[in-house]
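J.: According to the UniProt record's numbering, the residues represented by the sequence shown are 1 to 154, in order.
No wet-lab data here; the hints were simulated from the structure. Don't take each hint at face value.
What the hints assert, rightly or not - Estimated spans, in silico, between C-beta atoms of each pair:
| # | residue 1 | residue 2 | range |
| --- | --- | --- | --- |
| 1 | D36 | R84 | 21 to 29 Å |
| 2 | F17 | A104 | 34 to 42 Å |
| 3 | E50 | A104 | 45 to 53 Å |
| 4 | E127 | R95 | 28 to 36 Å |
| 5 | S121 | E97 | 35 to 43 Å |
| 6 | S123 | R84 | 33 to 41 Å |
To be verified - The calculated PhoX-like cross-link candidates involving lysine-lysine, where the alpha carbons are at most 20 Å apart (straight line), are:
| # | residue 1 | residue 2 |
| --- | --- | --- |
| 7 | K14 | K4 |
| 8 | K4 | K71 |
| 9 | K103 | K122 |
Every residue gets a Cβ at the ideal spot worked out from N, C-alpha and C, and that includes glycine.
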Amino acid sequence: MAVKMRLRREGKKKQPFYRVVVADVRSPRDGRFIEDLGYYQPLAEPSAIEINHERALAWLHDGVQPSDAVKRLLRITGVWEEFRPGDPGKDRTARNERKEASKAAQAEAVKRREAEQQAASKSAATESAGEESAEQATAAEGAASTDESEVTES
């Protein structure tokens, strides 16, 4: 059975009064409910909110999902902070730090790969340049030897 914590409308026309209830998701807004946890009077100055902290925490720990409006009321009364202690920004900053660290590691790996490729291409270029210079040297020696042979013949 799926259960949700939500508001149940009561009161006269144009004068709403809400009860915070735990109800089956299939039941209508103002229909059957499992437990009444408190009330919310939006027209009172200031708005009156009263929620049974112990029972609300018990239901939240059992896995009941609050509606958005009830979640706002739970934050105002402090029940939500008891249920989810800590600064919500800490989780976000830790996640962002992990993302930045992984991006930095990836960038470093890319730089390392590029440096290795450049070193490999330089060594290949020096080897090929060495081979070319050796070929040129042998060609020059061959040309010099032919020049010498021509000089000795004359």
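J.: Evaluate each hint against the coordinates.
T.: Hints versus structure:
Range check, D36 to R84: about 23 Å between beta-carbon atoms, so the 21 to 29 Å window is met. Taking the beta carbon of each, F17 and A104 are about 55 Å apart, not inside 34 to 42 Å as hinted. Range check, E50 to A104: about 50 Å between beta-carbon atoms, so the 45 to 53 Å window is met. A hinted range of 28 to 36 Å for the beta carbons of E127 and R95 is inconsistent with their spacing of about 48 Å.
Hint check: S121 to E97, Cβ distance near 36 Å, so the stated range 35 to 43 Å holds. Between S123 and R84 the C-beta distance comes to about 58 Å, which lies outside the given range of 33 to 41 Å. Simply put, K14 and K4 have alpha-carbon atoms about 26 Å apart, too far for the 20 Å limit, and the pair is violated. Our distance criterion of 20 Å between C-alpha atoms is met by K4 and K71, whose separation comes to about 11 Å.
Proposed proximity of K103 and K122 is contradicted: the alpha carbons are some 28 Å apart, above 20 Å.
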